[in-house]
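Asks: Sequence:
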Amino acid sequence: MKKALVIIALSISVVACNKTAEVKEVKTAYVDTSVLMKEYTEAKDLEAKYKAQAEEKGRQLQAEITRFKQDAANFQSQAQANGQAWAQQRGAELQKREQQLGYAQQALAQQLQQESGAEMDTLVTGVKKFIKNYGKEKGYSYIYGTGDAASILYAEDKYDITKDIVKALNDNYKAGTKLDTKSDAKAKDTATAKK
1 MKKALVIIAL
11 SISVVACNKT
21 AEVKEVKTAY
31 VDTSVLMKEY
41 TEAKDLEAKY
51 KAQAEEKGRQ
61 LQAEITRFKQ
71 DAANFQSQAQ
81 ANGQAWAQQR
91 GAELQKREQQ
101 LGYAQQALAQ
111 QLQQESGAEM
121 DTLVTGVKKF
131 IKNYGKEKGY
141 SYIYGTGDAA
151 SILYAEDKYD
161 ITKDIVKALN
171 DNYKAGTKLD
181 TKSDAKAKDT
191 ATAKK
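Position 72, counted from 1, in the sequence shown is what my numbering calls 72; the numbers after and before it change by one each time, with no gaps.
Among the clues, some could well be false.
As the list claims (entries may be wrong) - Quick list of in silico lysine-lysine cross-link-like pairs, DSS-like style, CA-CA up to 27 Å:
(1) K129 with K38
(2) K38 with K51
(3) K136 with K49
Rather than coming from a laboratory, the hints here were simulated on the basis of the structure.
Could you build all of it, start to finish, from the sequences and the hints given here?
Replies: Put into structure tokens, the structure is as follows:
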């Protein structure tokens with residue numbers, strides 16, 4: 001009987017040791033987010049779109065600024081010939097126009113920043129969701145981000161999957177597939193509401 005108890009105790013300890021030894025491998029990787037955003041075609045297209053808009057709208061505003069500078073130069077030469085009352089009135093008009101041009105420049109910059117910021121936020125949300133799905137599909141336990149907002153101080157290069165993510169994102173974009181920008185919480189709320 002004592003032998004049986006010893007054998008059972010040994011069996012239990014061996015089984016217990018085997019279960020604790022069965023630790024799942026933790027697969028990790030990282031993505032250099034600054035490289036990702038520089039090489040992702042949709043991000044480049046978005047940047048080019050707003051650069052073109054800024055140049056186009058900037059040209060229109062620059063034409064007004066050039067006209068203003070010409071009017072200001074003409075004012076200097078005409079001020080003496082037309083008298084002090086004319087110079088004061090015209091000077092006030094030019095000053096008001098200069099302020100309006102300054103406000104227009106600020107408004108244009110702010111408008112472009114808001115529009116591009118909103119689209120960039122949507123893009124970043126979609127990229128994060130894409131990386132999450134990519135990680136699940138490829139069996140990663142963790143995918144870290146490095147770059148401008150570094151959350152990794154060191155990682156071996158073999159864990160860098162930036163090129164794989166960029167390629168997958170670009171292939172997805174070329175195929176015309178829109179990134180899913182809904183958060184998981186929103187998707188769960190929608191699914192719950194449908195039930």
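Asks: Against each hint, give a clear statement of whether it holds in the structure.
Replies: Going down the list of hints, with the structure as the test:
no.: 1; hint: K129 with K38; result: holds (18 Å)
no.: 2; hint: K38 with K51; result: holds (15 Å)
no.: 3; hint: K136 with K49; result: violated (33 Å)
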